[in-house]
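2 protein chains.
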Amino acid sequence: MPTLEQARAWYPARDPIHGFDHVERVYRTAERLALEEGADLEIVRAAALLHDVQGAEPEGEHRADHHEQSARIAAEVLAAEGWPPDRIAAVQECIRAHRFRVGVENPSLEARILFDADKLDVLGAVGVARTIAYAVLAGQPHYHPPSERFLTTGEKEPGEPHSAYHEYLFKLRKVKDRLFTASARRIAERRHADLVAYFEALAAEMEGRQ
Amino acid sequence: MPTLEQARAWYPARDPIHGFDHVERVYRTAERLALEEGADLEIVRAAALLHDVQGAEPEGEHRADHHEQSARIAAEVLAAEGWPPDRIAAVQECIRAHRFRVGVENPSLEARILFDADKLDVLGAVGVARTIAYAVLAGQPHYHPPSERFLTTGEKEPGEPHSAYHEYLFKLRKVKDRLFTASARRIAERRHADLVAYFEALAAEMEGRQ
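Line by line, the protein sequences give chains A and B. Numbering of the first sequence is given in numbering that gives the first Met the number 0, commencing with residue 0 and proceeding in unit increments. Numbering of the second sequence is given in numbering that gives the first Met the number 0, commencing with residue 0 and proceeding in unit increments.
Do not rely on the hints blindly, as some may be mistaken.
Quick list of in silico lysine-lysine cross-link-like pairs, DSBU-like style, CA-CA up to 35 Å [claimed, not checked]:
| id | chain 1 | residue 1 | chain 2 | residue 2 |
| --- | --- | --- | --- | --- |
| 1 | B | Lys-170 | B | Lys-155 |
| 2 | B | Lys-155 | B | Lys-175 |
| 3 | A | Lys-173 | A | Lys-155 |
| 4 | A | Lys-155 | A | Lys-175 |
| 5 | A | Lys-175 | B | Lys-170 |
| 6 | A | Lys-170 | B | Lys-170 |
| 7 | B | Lys-155 | A | Lys-173 |
| 8 | A | Lys-155 | A | Lys-170 |
Partial list, derived from the structure: chain A residues whose beta carbon lies under 10 Å from chain B [what the hints assert, rightly or not]:
| id | residue |
| --- | --- |
| 9 | Pro-83 |
| 10 | Val-125 |
| 11 | Val-127 |
| 12 | Arg-129 |
| 13 | Gly-153 |
| 14 | Glu-154 |
| 15 | Pro-157 |
| 16 | Gly-158 |
| 17 | Ala-163 |
| 18 | Leu-168 |
| 19 | Arg-172 |
| 20 | Ile-186 |
| 21 | Asp-193 |
| 22 | Phe-198 |
| 23 | Glu-204 |
Just a few of them, taken from the derived set where beta-carbon distance is under 7 Å, the chain A residues facing chain B [as the list claims (entries may be wrong)]:
| id | residue |
| --- | --- |
| 24 | Leu-3 |
| 25 | Arg-7 |
| 26 | Pro-15 |
| 27 | Gly-18 |
| 28 | Ala-79 |
| 29 | Ala-124 |
| 30 | Ile-131 |
| 31 | Ala-132 |
| 32 | Ala-137 |
| 33 | His-143 |
| 34 | Pro-144 |
| 35 | Tyr-197 |
| 36 | Leu-201 |
Derived from the structure by calculation, the hints contain no laboratory data. The beta carbon of each residue, even a glycine, is placed where N, CA and C say it ideally should be.
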């Protein structure tokens, strides 16, 4: 079983979005969900440690298929530790299924838990900080007034920049409705409320209303 | 009188901390405070447009005396527009006095207004975004547990990193008590509450309490 200390070496320390401290939070949250939901703790822990091991940096060339790359590396790491093939496959299923845009049919309980733990880390004050950090590093503004077109279709007008606020509208505010487990939904209540409060305050201040 | 459109060319568009959109917000806020407080609108506007014109970038070599440099450039800009020396001096006083750590004795109403407008921009959701952006660009974490020593003296233990949360504890949460004008204090109430709510949620999430 790989440990949190081992995993520290696999991730960039200073990446404010997908660095080791994201992995550490996902690991702790996934552990908590696994205990509450009665999941296989060893599978969940290994999957959490390895879920972003390849290509998690936002502009990285592997970003689009980082879940596949990470699943491949996970298999190598666990095989080297003597894990049996069926349990390696169970970890790989979790890692493949954690990506927001990838639909996996009937994911295992452990896969649902990794997905939820990863998504809880884009909500709340931590989610706000990571979203702002992403925008800063991508050269995007915190806020730009969303066009009517973006509000209704999710598609931007020509020349309309993406902003942290756009990311909130398009993705973050919907995350809580995508969670699988009741345990995660309980944790999400407060974090979703804090996320919404933050971005609504940002819009109000930027528009001179507050 | 220099205009907002002129000022756009003097500031980096993409600086998420002291770029043009900070200047634009300070200009709007200062204008509002000047109207409410009965200040000289032309002095306040010119001072707001020119207050960070030199060396506002956080790691810039001029950061420590950016208020002096900006005051010098302001005098050149306004003299070229034919402003009389006493009114140029009034704008310079505002710019010199806006820096948080510089005490100016008996600042003018216009200087108090620029100070307040600039400080209101480190509170609220905008202040959170700017503080997170500063930490990201400086390679600092969003959060690191503050030491007992930092909490009691404001000095860090050897090896203790600065974080956005440290900045909140050391400086941001005290800003509202430094404001001069009643109009600014009214605007600060909500923004201070939002700032505190955000950073307390960040600490709670990072410590696994929320």
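*Which hints from the list above does the structure break, by number from lowest to highest?*
Violated hints (numbers, rising): 7, 9, 13, 14, 15, 16, 18, 19, 24, 25, 27, 28, 32, 33, 34; every other hint is consistent with the structure.
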